[in-house]
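Student: Residue numbers (full-length UniProt numbering), protein chains in the order written: chain A, 1 to 323; chain B, 1 to 323.
FYI, nobody ran anything at the bench for these hints, they're computed from the structure. For every residue, glycine included, the Cβ atom is placed at its ideal position computed from N, Cα and C. There may be inaccurate statements among the hints.
[Said to hold, decoys possible] Label pairs and their calculated CB-CB ranges:
#1 A:Asp-323 to B:Ile-117: 16 to 24 Å
#2 A:Thr-229 to B:Lys-224: 58 to 66 Å
#3 B:Gly-170 to A:Arg-293: 25 to 33 Å
#4 B:Pro-255 to A:Asp-104: 32 to 40 Å
#5 A:Glu-208 to B:Ala-68: 47 to 55 Å
#6 A:Gly-321 to B:Gly-114: 19 to 27 Å
#7 B:Asp-104 to A:Gln-88: 49 to 57 Å
#8 A:Gly-321 to B:Ala-228: 29 to 37 Å
#9 B:Gln-88 to A:Glu-164: 26 to 34 Å
#10 A:Gly-254 to B:Gly-139: 50 to 58 Å
[As the list claims (entries may be wrong)] Residues of chain A placed beyond 10 Å of chain B at every Cβ, according to the derived structure:
#11 Glu-12
#12 Ala-33
#13 Thr-66
#14 Pro-93
#15 Asp-121
#16 Asp-128
#17 Arg-138
#18 Thr-141
#19 Glu-164
Number of protein chains: 2
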Amino acid sequence: MTTIDDIEAAAERLAGHAVRTPLLHAPLLDALAGRRVFVKAECLQKTGSFKYRGARAAVSSLDAATRARGVLAFSSGNHAQGVALAAQEMGVPAVIVMPSDAPDLKIVNTRAYGAEIVLYDREREDRDAIGEALAEERGLTLIRPFDDARVIAGQGTCGLEIAEQAAEAGIGAADVFVCCGGGGLTSGIALALEARAPRLRVRPVEPEGFDDVARSMAAGRIEKNARATGSICDAILTPAPGKLTFPVMARLCGPAVAVTDDEALRAMAAALIRLKIALEPGGAVALAAALFRAEGDGDVIALTSGGNADPAMLARAVQRGFD
Amino acid sequence: MTTIDDIEAAAERLAGHAVRTPLLHAPLLDALAGRRVFVKAECLQKTGSFKYRGARAAVSSLDAATRARGVLAFSSGNHAQGVALAAQEMGVPAVIVMPSDAPDLKIVNTRAYGAEIVLYDREREDRDAIGEALAEERGLTLIRPFDDARVIAGQGTCGLEIAEQAAEAGIGAADVFVCCGGGGLTSGIALALEARAPRLRVRPVEPEGFDDVARSMAAGRIEKNARATGSICDAILTPAPGKLTFPVMARLCGPAVAVTDDEALRAMAAALIRLKIALEPGGAVALAAALFRAEGDGDVIALTSGGNADPAMLARAVQRGFD
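With the hints as constraints, model all of the structure from the sequences given.
Tutor: Structure follows, in structure tokens:
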């Protein structure tokens, strides 16, 4: 079980490596939402997503002999890039198992960070089985994308920053919308805020039709998605919440929200025009919830978790607009 | 003459109001440039450009009776938005004189910040004369876009941050490319770096065909541009450097650089894909110089000064790509 001490320790290991991403705010975005909307722009993190935090936290926790054998990750793209860059920075070999339908940009970038890429079919093959076989065969250490206490601690460092930045901005109580796949970021932030800013309540945000976390929280047990593909939000199409992340979310998070692909595109357009940041669809769902689905008129914080959109997707969002 | 003490005083007045914008860095951008490229992302400043700094510094320096009568600015759009928001935050009436061919987004936004807008024809009318007449008629205080010691001090606060962030990032000597219109930002940063980081050398960057600063520095006296329009870099198509800014640039800056509109578009695309930030053409010329025109292989810093691009211009940049 990840603790606030683990998160603080991860923050020390990340200091000087991870970007302290800004908490952005734009009066004209507030006018659109009818409330104050603050945006933790984690798309400005190294590799374009929060995943670098968990990856660096995990790889930096390994001893020298383990590092020398190398690490392995399976990921639709953002965890892949995070692990690849963290490993490259520390001189550790990395093998990444990626779905063959991942956006080109993510595959090309992962390779550019020096990793070896193994592609698999998301509909027909089991990435866990592929990853575990490779790990055993080569003596690699598997860095799981979310269900790993060290990874959750790394993602939680983002929550420490939110607690500090919200206090500086004079934000009291607020809902914190977080883009949610397997729940590593969501649970890490929830744990950090429980200890450092208990009046900030995390709310998981998912794509419609892929609301495994919402259904799991309602049922009190882990529920799976019926489909593996079918949304533009590729970064967060995870089959189910994790064994470690689910109990944390069930205990600490407020109601989950599901948004449409069109709402994610509109949030991408608003982010480009109002905040001057580029998001990918899966990294925009929390902003979509803050803009289009929040109740009442209180302050909200949206964590924009990733910006690795292909150019065609950025063009589509610009064309869609946010009206 | 603006001094480092004036810049420090402006920084105190801006604390808690202006965003401390991040110094971004992306390994894949370095690979494109063949050197380490750091980007001071001032497009993430309130109102989407650095102009808010100088505007807030100037308006906050006025006494209560002067503020109550109101302020006036003439601007192609970014200074307009900076003055409008700074005035609105402080409860000061604002009248803004804007060219009728300014991008729609800038006119709409300026109005949304509560300012009264007066449009003029850039080719046929003299904005200085219009502004001064209005100021006299209504008792407004004119906030000049660059040739004002208080405005230069405000823009210089960006230089204080660059000095600190460069030290944190381990950057020793480096060229600092700055998007340059009238020279308020360029001279403010040059003064801050002279005092706080003398191994960082500012280099003004202009659009080709609008290289008044380069020609003025070469001639040792203020030279004007032949044309007032004809580049997509609307934010920095200023007729000539200022009486206050030119001597500072002549004394402190390294050689100026001119880039093409196409290079500005490619830099916009690289910023979107590699850094996840949206730039306008005039705010991208410094990054264009860093990526495509820098000599040697040393570290460079590019100040991306604004992000208020119309959606059509963002789409054009995405389509252009950066290869």
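Student: Taking the hints in turn, state whether each one holds.
Tutor: Going through the hints against the structure:
A beta carbon spacing of about 22 Å between Asp-323 (chain A) and Ile-117 (chain B) agrees with the range 16 to 24 Å that was offered as a hint. Roughly 59 Å separates the CB atoms of Thr-229 (chain A) and Lys-224 (chain B), a value that falls within the hinted 58 to 66 Å. Between Gly-170 (chain B) and Arg-293 (chain A), the C-beta spacing of about 43 Å breaks the proposed range 25 to 33 Å. With their beta carbons about 39 Å apart, Pro-255 (chain B) and Asp-104 (chain A) fall inside the hinted range of 32 to 40 Å.
Taken as a hint, the range 47 to 55 Å holds for the pair Glu-208 (chain A) and Ala-68 (chain B), whose Cβ atoms sit roughly 52 Å apart. Checked against the hint of 19 to 27 Å, the pair Gly-321 (chain A) and Gly-114 (chain B) passes, with Cβ atoms roughly 24 Å apart. Separated by about 44 Å at the C-beta atoms, Asp-104 (chain B) and Gln-88 (chain A) break the suggested range of 49 to 57 Å. Remark: the range hint 29 to 37 Å for Gly-321 (chain A) to Ala-228 (chain B) is upheld by a beta-carbon distance near 31 Å.
Judged by the Cβ atoms, the range 26 to 34 Å given for Gln-88 (chain B) and Glu-164 (chain A) holds: they are separated by roughly 27 Å. One distance hint, 50 to 58 Å for the beta-carbon pair Gly-254 (chain A) and Gly-139 (chain B), holds here, with the actual separation near 52 Å. Annotated as non-interface, Glu-12 (chain A) keeps its C-beta farther than 10 Å from every C-beta of chain B; the closest such distance is 16 Å. With a closest Cβ-Cβ approach of about 14 Å to chain B, Ala-33 (chain A) is found to remain outside the 10 Å limit, as its non-interface label requires.
The Cβ of Thr-66 (chain A) lies farther than 10 Å from every Cβ of chain B, with a closest approach of about 24 Å, so its non-interface assignment holds. With a closest Cβ-Cβ approach of about 17 Å to chain B, Pro-93 (chain A) is found to remain outside the 10 Å limit, as its non-interface label requires. Against the 10 Å criterion, Asp-121 (chain A) stays outside the reach of chain B, whose nearest CB is about 27 Å from its own CB. Distance to chain B confirms Asp-128 (chain A) as a non-interface residue, since its nearest Cβ pair spans about 29 Å, more than 10 Å.
Separation of Arg-138 (chain A) from chain B is adequate, the least Cβ-Cβ distance of about 25 Å exceeding the 10 Å criterion. Separation of Thr-141 (chain A) from chain B is adequate, the least Cβ-Cβ distance of about 23 Å exceeding the 10 Å criterion. The beta carbon of Glu-164 (chain A) is kept farther than 10 Å from every beta carbon of chain B, the shortest such distance being approximately 13 Å.
In the structure shown, a violation is registered for the earlier hints numbered 3, 7, in ascending order.
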